[in-house]
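First to last, the protein sequences are chains X and L.
Using the numbering used here, the first residue of the first sequence is number 1, and each one after it goes up by one.
Using the numbering used here, the first residue of the second sequence is number 1, and each one after it goes up by one.
Think about it this way: if two alpha-carbon atoms lie no more than 20 Å apart in a straight line, the pair counts; the simulated SDA-like pairs of lysine to any residue are:
# : chain 1 : residue 1 : chain 2 : residue 2
1 : X       : K312      : L       : I82
2 : X       : K312      : X       : Y41
3 : L       : K80       : X       : F319
4 : X       : K91       : L       : D394
In short, the hints are calculated from the structure, not lab data.
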Amino acid sequence: MTDNRFFNRSELIGILMLAVLLVVVLPLTLDVFRLNLVAKYLTYAFVALGLVICWGYGGILSLGQGVFFGLGGYCMAMFLKLEASSVENTKIQSTPGIPDFMDWNQITALPFFWKPFNSLTFTIAAIILVPGIFALIIGTAMFKRRVGGTYFAIITQAVAAILTILIVGQQGYTGGINGMTDLRTLKGWDIRPDHAKIVLYFFEVGCLFVCIMIAQFVRHSKLGRILVAMREKEDRVRFSGYSVANFKIFAFCIAAVFAAIGGAMFALNVGFMSPSFVGIVPSIEMVIYTAVGGRLSILGAIYGTLLVNFAKTGLSESFPELWLFGLGGLFIAVVLAFPNGLAGIWGDYVQPRIDRLISSRKSKPDGGWTDSSVADGAPAE
Amino acid sequence: MGMAALPAISMLPRQSFADVPATAAVNTTGLAVTDTEVTVGILHSATGTMAISETGSIEAEKLAIEQINAAGGVLGRKIKFIQEDGASDWPTFAEKAKKLLVNDKVAAIMGCWTSASRKAVLPVVEQYNGMLYYPTFYEGLEQSKNVIYTGQEATQQILAGLNWIAKEKGAKTFFFIGSDYIWPRTSNKIARKHVENVLKGKVVGEEYYPLGNTQFNSVINKIKLTKPDVIFTDVVGGSNVAFYKQLKAAGIDLAKQPLLTISVTEDEIDGIGGENIAGAYACMKYFQSLDNANNKAFVPAFKKMWGEKTVIGDVTQAAYLGPWLWKLTVEKAGSFDVDKIAAASPGVEFKGAPEGYVRIHENHHLWSKTRVGRAKLDGQFELIYETADLVEPDPFPKGYQ
Chain X
1 MTDNRFFNRS
11 ELIGILMLAV
21 LLVVVLPLTL
31 DVFRLNLVAK
41 YLTYAFVALG
51 LVICWGYGGI
61 LSLGQGVFFG
71 LGGYCMAMFL
81 KLEASSVENT
91 KIQSTPGIPD
101 FMDWNQITAL
111 PFFWKPFNSL
121 TFTIAAIILV
131 PGIFALIIGT
141 AMFKRRVGGT
151 YFAIITQAVA
161 AILTILIVGQ
171 QGYTGGINGM
181 TDLRTLKGWD
191 IRPDHAKIVL
201 YFFEVGCLFV
211 CIMIAQFVRH
221 SKLGRILVAM
231 REKEDRVRFS
241 GYSVANFKIF
251 AFCIAAVFAA
261 IGGAMFALNV
271 GFMSPSFVGI
281 VPSIEMVIYT
291 AVGGRLSILG
301 AIYGTLLVNF
311 AKTGLSESFP
321 ELWLFGLGGL
331 FIAVVLAFPN
341 GLAGIWGDYV
351 QPRIDRLISS
361 RKSKPDGGWT
371 DSSVADGAPA
381 E
Chain L
1 MGMAALPAIS
11 MLPRQSFADV
21 PATAAVNTTG
31 LAVTDTEVTV
41 GILHSATGTM
51 AISETGSIEA
61 EKLAIEQINA
71 AGGVLGRKIK
81 FIQEDGASDW
91 PTFAEKAKKL
101 LVNDKVAAIM
111 GCWTSASRKA
121 VLPVVEQYNG
131 MLYYPTFYEG
141 LEQSKNVIYT
151 GQEATQQILA
161 GLNWIAKEKG
171 AKTFFFIGSD
181 YIWPRTSNKI
191 ARKHVENVLK
201 GKVVGEEYYP
211 LGNTQFNSVI
221 NKIKLTKPDV
231 IFTDVVGGSN
241 VAFYKQLKAA
251 GIDLAKQPLL
261 TISVTEDEID
271 GIGGENIAGA
281 YACMKYFQSL
291 DNANNKAFVP
301 AFKKMWGEKT
311 VIGDVTQAAY
321 LGPWLWKLTV
331 EKAGSFDVDK
341 IAAASPGVEF
351 KGAPEGYVRI
361 HENHHLWSKT
371 RVGRAKLDGQ
381 FELIYETADL
391 VEPDPFPKGY
401 Q
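Here chain X stands alone, though its shape is the one from the complex:
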């Protein structure tokens, strides 16, 4: 990679290490069940990645990313649910051919806004556009009026609450609190068996790296530097003639689209979508992933998501009645001891040692420095 606009050397090493971990190490060491869990964790990594741009660089704290995760997820789930609700699969219903929850709610025909979701192309467009446009509307309404900081965070929370109530209340159209379950096939391809899970995992990892590249590009472009400048001294940027609101809207929209892709991946990998990912609590949890990983670090956010979720699963399997306390303790410890999260630990303690190691080896005639940097390997594990 000669182009220094996208990466510097340590970032490139970091991305390669993450690629090795996700593409080689985890698939080789985990069985399909655990790998599918990792796929589920990584869907949140899309959200965390968006939050790094929006919150870490742009300084816009959104406590409503679950909204976009949910919109993306529901778009995907609507397509999958329609495919699973073929006339022959649903012949036990009063009205065959519509999703089961509609039948339970005495709806006898497919509502008009469901119809376009028979098309995969439309669905993919909707996954990007619906949350993107929604974020654009919220962003324009807020940032053009110079609403920011805490007020913005509160409003995003309100949006998350409203959307949850809407989904739960309109159960005939959305599946209500049960969500959309029993998603089966994608264009006739069964998404449930083990080999499908593996394919979906690698597809998701691919998408994640595309998003990482986009995030890297934003970060290293002039745009990224303006975002940081805005976070530090918003007025100066404004007085320099930049339209602060437009940059904020852009960062917010990018975060929303990333979250939506994560949501769509979730519906595919887990075969499920429910309002429990839309509300306030999951939205805050997603912010915690970013905080644990380090809100200024693109890769840190991904490791943070993985670590917190591994801890969550591990603790809840070992201590079903006490695990929430352990998890709470972990958060408090990380935030108190390492305000910059895992990326902070890496940057403050691990990186300097590797650098020292490299420079001392380099002075010697034959230095196998790549070995040592790989062996010191994955951060925070």
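Fit chain L to the known structure of chain X by using the hints.
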């Protein structure tokens, strides 16, 4: 039904150690069964908003497993259980169910409580061919080879209660209040059809509130305006506390205004307070105060294990049935194989059920009696009425859909 298992048993090499059949014969699908142990899963919410309701089910299942083990286990094997926490979160239920089936290879899962968690787990148990024993009364419209429903489905629970209150109180007008999700909505749909078509009465109001709602004043005003003969409620969980307190504060005396609930058990009264709900009628299949020999042994055993202060509600009792029915079915089938258990289930009867007697129907639901109880000040129900015969489970009721 369990014929497929018979040749296998008769071909056993040597019945050397007592009459414990060889593992290879009773477990042909690689479940977690050894010569001395069989593993089952317990999957309920130990944390989160549903923990208050599901803890009773966990306790009942552990009691049943302990009693079965004390009586010699299943096919000579002790039951070992792995407990997982669904954390009141439906996708977590699905994930943990998959872990129990794929990783731990449990022979059966006792679990789920809300319809939402069951709907999340159902595709998993069907895909990996597991066996789920589901304890809660629920809305029906479902039937699966891989699930045994040990609670009542909606028509079983509701119709007898409505008939009784129409006859006893001469009720003609009904006001429905429910939480806003699939079970109350389906239950009220069935109740409405029954009121309008069979009882020739009238539904004067039907209102829904989100789960966890605590403001019922507007609906209470509507009740005062419409003056229904019966208030019929399926409000669930913590909302009940607010609902009954506000009802009382608004001056509606349940001794004079008949109220029939299908969602308040002894567990909920613990939170509501006996003085706030005394006089209300509940319609379900079990009350802690039932006077029969099985229940007189069950209640003290439960209290001995889990403390004098615990109360036992309808779902807790239904959860207790799960491990027993599974044991009886395994013994009938002579095998732990899920296919054989699913096939052998119809007709399995449990004479030691605290509710009296239950039998599994071809549709994997239970034949059971429906009972009406009146809430007393001490938080217990006084049995007022019970159906003469077992009520047939009918998850896809004709004329009620």
